[in-house]
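Residue numbers (our numbering), protein chains in the order written: chain A, 1 to 323; chain B, 324 to 646; chain C, 647 to 969; chain D, 970 to 1292.
Warning: the hint list may mix true and false statements.
Stated by the list, open to error - Calculated pairs, SDA-like style, for lysine to any residue (alpha carbon to alpha carbon, straight line, at most 20 Å): (1) B:K517 with B:G501; (2) A:K159 with C:E969; (3) C:K785 with A:E23; (4) C:K785 with A:R52; (5) B:K575 with B:L540; (6) B:K482 with D:E1292; (7) A:K252 with A:D203; (8) A:K42 with D:A1221.
Unchecked claim - Counterexamples of contact, computed for chain A against chain B with all Cβ distances above 10 Å: (9) T179; (10) A247; (11) S320.
No lab work stands behind these hints: they were computed from the structure.
Note that the structure is a prediction, hence the values are computed from the model and not measured.
Even for Gly, the Cβ is constructed at its ideal location relative to N, Cα and C.
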Amino acid sequence: MRTLSMRDALNEALREEMRNQPELTLLGQDIGAYGGTFGVYKGLFDEFGPERVRDGPLCESATVGFGIGLAISGMRCVVELEFMDFTTVAMDQIVNQAAKLHYFLGGQVTVPLLIRTPIVSRMGMGPQHSQSLESWFMHVPGLKIAIPSNAYDAKGLMKTALRGLDPVLFIENVKLYGTSAEVPTEDYSIPFGKARTLREGTDVTVVALSGTVPEALAAAESAAQAGIQVEVVDPRTLNPLDDAGIAASLRKTGRLIIVHDAYRTCGVAAEISQRMMETAFDYLNAPIMRVTGLDVPVPSGALYQNVVPNRENLLQAIQSIVN
Amino acid sequence: MRTLSMRDALNEALREEMRNQPELTLLGQDIGAYGGTFGVYKGLFDEFGPERVRDGPLCESATVGFGIGLAISGMRCVVELEFMDFTTVAMDQIVNQAAKLHYFLGGQVTVPLLIRTPIVSRMGMGPQHSQSLESWFMHVPGLKIAIPSNAYDAKGLMKTALRGLDPVLFIENVKLYGTSAEVPTEDYSIPFGKARTLREGTDVTVVALSGTVPEALAAAESAAQAGIQVEVVDPRTLNPLDDAGIAASLRKTGRLIIVHDAYRTCGVAAEISQRMMETAFDYLNAPIMRVTGLDVPVPSGALYQNVVPNRENLLQAIQSIVN
Amino acid sequence: MSAKSPLSPEELLHLYRKMVQIRVFEEQAIELFGKGLITGTTHPCIGQEAISVGVCAALGREDQVLATYRGHGAALAKGCSPATIMAELLTRTTGCCKGRGGSMHLCDTAQGFLGTNAIVAAHIPLAGGVALSNKLRKKPLVTACFFGDGASCEGEFFETLNMAALWKVPLIFVCENNGYAISVPTNLSQATPDIADRARGFGMTSVVVDGNDVVAVHLAARAAVEEARHGRGPIFLECKTVRWERHSAFSAGRYEDPEEAQKWKRVDPLPRFREMLLSSGTAAAQLAKVDQDCQEEIAAAVAFAVQSPSPDAASLYEGIFVE
Amino acid sequence: MSAKSPLSPEELLHLYRKMVQIRVFEEQAIELFGKGLITGTTHPCIGQEAISVGVCAALGREDQVLATYRGHGAALAKGCSPATIMAELLTRTTGCCKGRGGSMHLCDTAQGFLGTNAIVAAHIPLAGGVALSNKLRKKPLVTACFFGDGASCEGEFFETLNMAALWKVPLIFVCENNGYAISVPTNLSQATPDIADRARGFGMTSVVVDGNDVVAVHLAARAAVEEARHGRGPIFLECKTVRWERHSAFSAGRYEDPEEAQKWKRVDPLPRFREMLLSSGTAAAQLAKVDQDCQEEIAAAVAFAVQSPSPDAASLYEGIFVE
Ligand SMILES: Cc1ncc(C[n+]2csc(CCOP(=O)(O)OP(=O)(O)O)c2C)c(N)n1
Ligand SMILES: Cc1ncc(C[n+]2csc(CCOP(=O)(O)OP(=O)(O)O)c2C)c(N)n1
Ligand SMILES: [Mg+2]
Ligand SMILES: [Mg+2]
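Full structure from sequences and hints, please.
Structural data, given as structure tokens:
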């Protein structure tokens, strides 16, 4: 089968749905001729033109608001927010409007809006350009959240998102854009709410999100050399979250480590851990551990490497939990 | 000792510090002659005038930004955001500016900004006027967070906040404004990071936040009649959080329930639970439970009563955890 | 109204009927709030009826309207049924939003009424997106967006002015300048008297009109709709009016002075229009008949609402997502 | 510059020196970025030096400046030391922000340089607050705030225009209109050519100036500072310029056409000013001496930066809070 980078897989998903859905419109900044800050939109402007691949002024809040307006009018819209840190300037539109309108207007409108936003946690771009804020959005009911870690999942989840009627936050770690995976040429989609086991193991389950998945796989590989069999599970979506899938792995291994780039406190790891305690307490052979970004504003420069988890500290955690 | 309502206690703390600190300035909307949406500023405008009790245009983001500007200039500022739901329109200023400037500018500026914001979770004002969003701010390093449940704590924490040099988010559930407690006339302050045991017990610890504290105390009272001794602990501040204090109570009782009005998923309960698992796993006689707001957009009207926890479902949880 | 009136007797009577309908509706809403039948809050638009009536009478049924929490009048003016709107105020399952939205969240897509919003200014970009959808799909529809003087200080308002002007969307900005945002008078929120000036800075046609003269509003709106429908929009319409004696049935607004609280009555658009109709030859009996009809219609709406069931807790989890 | 020049030879030479200093600094920064010594990103202000130099030369040392991520020039123009700024770009402990801020977060309070920001427009309300603090404390200081054409579409920009005009704060808005926000040209982000028009809508004095003519900028700034210092501010200064060939050293911006990428060179303010100085009688040797001095100064700054230590991981938790 052919391989595609995650960037190209996302591009293909968008392109195919742009062809299938004449009213699908892309809004954002730098998404036109420029092809998107990280190149995900490459070629779409040339194929679909400035009406549908619509560059606009720098105003994230109203851009999301316009996207919602298109969506409640029966069109479908994709908005790009260039760094996840900038969700802060559109927060009300995302969590109080997009997430809730369908519910509180009694189902009269639907909001088929997809908000794409990259996490740039591993580039040293500093305190306002490095954050992984997924737990904020998981906290608020009404938003579906996809957070794929590879090209195959990214395309399949994007397809589902672009065919459904609910608002979706689509989170992409830029470090993954260049990574490749086999992607079928035939059409496929991946349902939300199904975790994927990327590596099977019996001794400990590592649930890894987004940019930490490659680190988790590398740590699992090292652990195997030390005789520890690590199961690596990628939830792929956070809302809905595949509690049952994670619990099944935990029941098998009896140990759980959750890893993400986001700040530790009130991050997604705490939520997954608590859900597991609520459903699989008797299977826990050890306290659930988390390996996460530190609770510090991320400094600019190379020091980011000490802020986000890596294969080494993950391996340490694996070794400590099995002992 | 005299008793004061939480509203009056907060008012007194502000008034005293306004008298002590000639450069302390209040910004917001409806804080002037009107006295604040929920009356906390009553009389301050008359005493300190429109320069220092400054009503302004309806633009929360720039209002917080101006407050930061005053703070980094060496003044001190209090900004009111009328409902906690409106933090969404000032999110960037709160989490990317106020919380981080001191750190990333290498300590050159300090941000003595206090942001007051009421939670209105128990009035039926609907999906955009009912949210308890404290976990968002606990997720982001750099903000101190006070969330008092009574007049005494409110005044003492406000004093500490108004004398320190760090940005503080001060969260007040409006249902508590009318509740009274003994408040000394002498000056006092309460350090951040110290939980308060509001009721002692041996069978189960209930950690309750803000508006749920009265419910927890009522449930504890009922439980006592059924022979269950509940210890009720109020963390009072979320950053810093008194892990040690909560853990001490848990080690004593072996059981923990955490209760808050906020949405369940990725709420503060999950974080407290995970910290306890990390530090006191061997003391857990039962999985840690949480009794929280439901993961639904809060509908308008009386149905909010079914969304937030109350003494009855808390009592049920207490009974179930001890069995 | 002389023989030269540009409006026919039927048109004039329609304006009158809608204004009376709204007035009676609001009076009833206040009464129901006083009786505790409306939980939360409600914001009457008494004294401002001429604006929504004058504007909506210039729109067709498929044209769209978005408005604020002070939006009962806009809903009725756009053709929504008083019964389902009243039922919504009482959060009954028969309400236009199934009782979830309440007074601040009304919607009836069949009437082109796309919703009211409780976050000040948040609906303005939504309206921009709706208007953009009309343009992209080449539908000859016009969108009108109502908002207050307070909203005109929020960032999203300006962001939308800019985008709307840039993309020339068929949108009419209707600013209901009633002189107050809760307690903050416009002289404390803006440097210049006319909000319309700000719109001009974006190169937009911008008109100031007496918002208490329904005919003047209507004629200005007609002209604006004509422009917008032919691709010469957006248009800005500032309607000067005077706020009713309180901000909401729940909070007072600024008027400490009982005199000032009565100010709106001196310029009340309803008796003024009635005078005008009578003096231009409309029979008093005809107006009395309208008054009577409206009283009956609203009484029936109240009866319908009061007799309708409230949603039950089991419904809370329904409809968060479409699928 | 004829004999009638309003500027003395010393003043002219000062302007020249600062422009050359910035130019050489930026050329070195680009080189260091290319060598991998700057992690993350860096945004040169090459071609725009006349603006920061012209404005800052009109300010005193205690007057304050806030700027954007494209802020090296503003920092140097305000008197910050090239060595500590360069060390900051390289995130060294000797940097002005101890190496935490990096290229996008510079600050030197001793020079009245209150910081650059990586969230577009977020610093504008901060500057408003700083200016308000001057007014409240009756300090005769003026604050200048630099920002781009892109920033002038963000809500916070307008919110600050409104508040600044309302409260008449001594603030100078300096819009560096370089025609692009990353890849989006101004004709795709605003309906009218002059951003200055928008400020006029708030009743503010608003001036358009050739931003590539340092003398023109300086004279306009002098007049603005004079007005603002005497309580007749705020003032808006739109400086038209042309962006350097890329958005940042990390991303390209729009220019696919190599011709367009060179456009800035045809209007480059530096040779233009040099020409002017020469033709008005300044000796070539004098200018060459300045060039030479700047080369040496920046070379020393680079050496200082490169030899300075990087912060270590142990420092990460330091200074999140003051106390
Ligand atoms: C973002 C936001 N800030 C504050 C509020 C609280 N609030 C509700 S209505 C209102 C006043 C709005 O004034 P205006 O826009 O003039 O409308 P009016 O009430 O006069 O019709 C305020 C401050 C809110 N709902 N949303
Ligand atoms: C709120 C926000 N949105 C987007 C960005 C990404 N971004 C960084 S610079 C920039 C362009 C800003 O253009 P302009 O204000 O004209 O300044 P210039 O870069 O031209 O100096 C953008 C979109 C950001 N940093 N912050
Ligand atoms: Mg108003
Ligand atoms: Mg620019």
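Each hint, compared with the structure:
In summary, the hint linking K517 (chain B) to G501 (chain B) is not supported, as the alpha carbons are separated by about 24 Å, beyond the 20 Å threshold. Only pairs whose Cα atoms come within 20 Å are accepted, and K159 (chain A) paired with E969 (chain C) is accepted, the gap being roughly 15 Å. A C-alpha spacing of about 13 Å is found between K785 (chain C) and E23 (chain A), which places the hinted pair at or below 20 Å, so the restraint holds. Taking the CA atoms of K785 (chain C) and R52 (chain A), the gap is near 16 Å; set against the 20 Å cutoff, the hint holds.
A hinted pair counts as satisfied when its Cα atoms are at most 20 Å apart, and K575 (chain B) with L540 (chain B) qualifies at roughly 19 Å. For a cut-off of 20 Å, the pair hint linking K482 (chain B) to E1292 (chain D) stands: about 15 Å separates their Cα positions. Restraint check for K252 (chain A) and D203 (chain A): the C-alpha separation of about 8 Å stays at or below 20 Å, so the hint holds. The straight-line distance between the Cα atoms of K42 (chain A) and A1221 (chain D) is roughly 14 Å, inside the 20 Å bound, and the hint therefore holds.
Even its closest Cβ contact with chain B, about 27 Å, leaves T179 (chain A) beyond 10 Å, as expected for a residue assigned away from the interface. With 10 Å as the threshold on Cβ separation, the claim that A247 (chain A) sits away from chain B holds: the shortest Cβ distance comes to roughly 13 Å. The beta carbon of S320 (chain A) is kept farther than 10 Å from every beta carbon of chain B, the shortest such distance being approximately 12 Å.
The structure fails hint 1 only (numbered hints given earlier).
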